[in-house]
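Asker: Here are the chains, one letter per residue:
2 protein chains.
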Amino acid sequence: MAIFRGLSAFPITPADHNGRVETDALGNLLTRLIDASVQSIGLLGSTGTYAYLSRAERERAIKSAAECTGGDVPLIVGVGALRTDEAVALAKDAARFGADALLLAPVSYTPLTEEEVYQHYRAVAGATELPLCIYNNPGTTHFGFSVALLERLAWATNITAVKMPLPADGDVSADLRRLGDALPDGFLIGYSGDWGSAAAMLSGADAWFSVVGGILPEPAMNLTRVAMAGDADATKRIDARFQPLWDLFKQFGSLRVVYAVANALSLTPAQPPRPILPLDVKDQDRVVTALEGLL
Amino acid sequence: MAIFRGLSAFPITPADHNGRVETDALGNLLTRLIDASVQSIGLLGSTGTYAYLSRAERERAIKSAAECTGGDVPLIVGVGALRTDEAVALAKDAARFGADALLLAPVSYTPLTEEEVYQHYRAVAGATELPLCIYNNPGTTHFGFSVALLERLAWATNITAVKMPLPADGDVSADLRRLGDALPDGFLIGYSGDWGSAAAMLSGADAWFSVVGGILPEPAMNLTRVAMAGDADATKRIDARFQPLWDLFKQFGSLRVVYAVANALSLTPAQPPRPILPLDVKDQDRVVTALEGLL
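In order, the protein sequence lines correspond to chains A and B. Under the working numbering, the residues of the first sequence are numbered -7 to 287, in order. Under the working numbering, the residues of the second sequence are numbered -7 to 287, in order.
Check before you lean on any hint, since a few could be wrong.
Said to hold, decoys possible - 25 Å max Cα-Cα, derived SDA-like pairs, lysine to any residue: (1) Lys274/B to Gln111/A; (2) Lys242/B to His134/A; (3) Lys274/A to Leu141/B; (4) Lys242/A to Ile230/A; (5) Lys242/B to Pro130/A; (6) Lys84/B to Ala48/A; (7) Lys228/A to Ala160/A; (8) Lys274/A to Glu106/B; (9) Lys228/B to Asn255/B; (10) Lys274/B to Glu107/A; (11) Lys242/B to Gly131/A.
Unchecked claim - Short, incomplete list of chain B residues facing chain A, as computed with Cβ under 8 Å: (12) Tyr44; (13) Leu259; (14) Leu269.
Hint data in this document are derived by calculation from the structure and do not stem from the laboratory. Virtual Cβ for every residue (Gly too), placed ideally from N, Cα, C.
Sequences and hints are given; from them, build the entire structure.
Answerer: The following block contains the structure:
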């Protein structure tokens, strides 16, 4: 599925302190992504704080985004929820309101078994005909997919891609080989973890599921183009400009930093949902400095 | 606060597959706890699947429980939620509908900082006048409290107790000394992790926050009485009867096992919320065998 190739840009979902989505601000963010010709938009990902938004607000965000893209850029919508019936309902909502594809994380409270995650995915994937990308993000869901489970899921009709975390040992090439050997032909493999994604693309990853792409789409597209073309020198040069931002992502978590970027660029005054706190003023200054090399 | 002393029994919250609480079945479970004279009831804890129930269903469960206890047994109500405003609303609901105390876990999706957790607790504790117990359960929330953070929170007016996980090194005595040295006089320290709680009570813990207490209150009260009285021999003897059940708790997670116990005792046919799956039939048989030494 071409929809899961290239730069998938994950914007924040600006909302007020009651969790009501500010659709005008969201529209402004999305317009930047469309103008930069990102390959897809990852709405309501972790960066889009899907876990913190009600079903009704997620509906409003999807409708607003579908109206904004008008079908020009594929819309991937996160449909994760703790309960299987809720995730199924969110998947149906997403299909009804204009999503082109789904992204599903195995959100957990009680730690889940492999069989539980398998059944959960089959239920959600079977709820619509949209292609579905497995969201493997142990840092937030506390569930790590084994290659065997990915393989099992990859045989389901419309489960067509996986969004991987960077491997702990840093060796994306080996990770891609291991996954490629196990997964069916045509099953796409992308990475998140912005600081390692250029290397992942150089190693042959199909997609970059990107936080920075959702807020700084032009620089992220520049990096994507050279990395996807296999130009190691240009990739290294452009990636170096992002380094101060990667350092902040690693220190504070990309979510807090990307809100500070959105604030610094006057794109929205929105803040992350409490309990998540905005960065301190001195760290906001570091964000502004980090942006200087990129704008 | 005496409310956080002794056996705090955490029942499941029977619900149908749509997440609608079955208040009659809940009432039957609670009556068993009252009849066994447990020191408190921990409604809507992790075992009570609070994370999987809507605000409306949590309201129904609290109202039903308050009616059932009639004030005879203190009712501690879990009010955890990902969003601070939701946890505040749940705390106010709990106070309005009959809770005697609150239990708050730092539920997370985006990993939280200490300051974020601090602010979250202050907001929820400040929302009502009920005493609040910190629910330190890194296995589900993926946030572990430092002693320094517990100390900071313990100075808030109505934060009066902590529910601790068993220490990784197994040395509850050392854990209790370290906490006792740091925390204010009168701040109560209890443990969950049923298989280590008898040892914790022998070491001087104030409370046992118990999964098994919510489904087998008589045997759990027997264990509590001898352990709290410091009778090491009797504690060892009674704890040994639970060993087959502890083994199952450790292997499958206590939640899945306790549903199988409830089913085996014909207390309710309810199953855990999907994606959580019931035990296989052969493992259900092991549960029945484990019960033989206890009934």
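Asker: Now tell me if each hint is right for this structure.
Answerer: We went through each hint and held it up to the structure:
1. Restraint check for lysine 274/B and glutamine 111/A: the C-alpha separation of about 20 Å stays at or below 25 Å, so the hint holds.
2. Straight-line distance between C-alpha atoms of lysine 242/B and histidine 134/A comes to about 18 Å, which keeps the hinted pair within the 25 Å bound.
3. At most 25 Å may separate the alpha-carbon atoms for a hinted pair to count; lysine 274/A and leucine 141/B meet this at roughly 23 Å.
4. For the given pair, lysine 242/A sits about 19 Å from isoleucine 230/A by alpha-carbon distance, which is consistent with the 25 Å threshold.
5. For the hint linking lysine 242/B to proline 130/A, the alpha-carbon distance of about 22 Å falls within 25 Å, and the restraint holds.
6. A distance of roughly 23 Å separates the Cα atoms of lysine 84/B and alanine 48/A; the hinted pair therefore holds under the 25 Å criterion.
7. A threshold of 25 Å between alpha carbons decides the hint, and for lysine 228/A with alanine 160/A the separation of about 21 Å falls inside it, so the pair holds.
8. Taking the CA atoms of lysine 274/A and glutamate 106/B, the gap is about 18 Å. The hint holds against a cut of 25 Å.
9. For the proposed pair lysine 228/B and asparagine 255/B, the alpha carbon gap of about 28 Å is over 25 Å, so the pair is violated.
10. Taken as a hint, the lysine 274/B and glutamate 107/A pair is honoured in the structure, with Cα atoms around 16 Å apart against an allowance of 25 Å.
11. Between lysine 242/B and glycine 131/A the CA atoms are separated by roughly 23 Å; this keeps the pair inside 25 Å, and the hint holds.
12. With its C-beta approaching chain A no nearer than about 6 Å, tyrosine 44/B sits inside the 8 Å limit, and its interface hint holds.
13. Hint status for leucine 259/B: violated, given a least beta-carbon distance of 20 Å to chain A, over 8 Å.
14. A least Cβ separation of about 5 Å between leucine 269/B and chain A falls short of the 8 Å threshold, and the interface hint therefore holds.
The structure is inconsistent with the numbered hints 9 and 13, although it conforms to all the rest.
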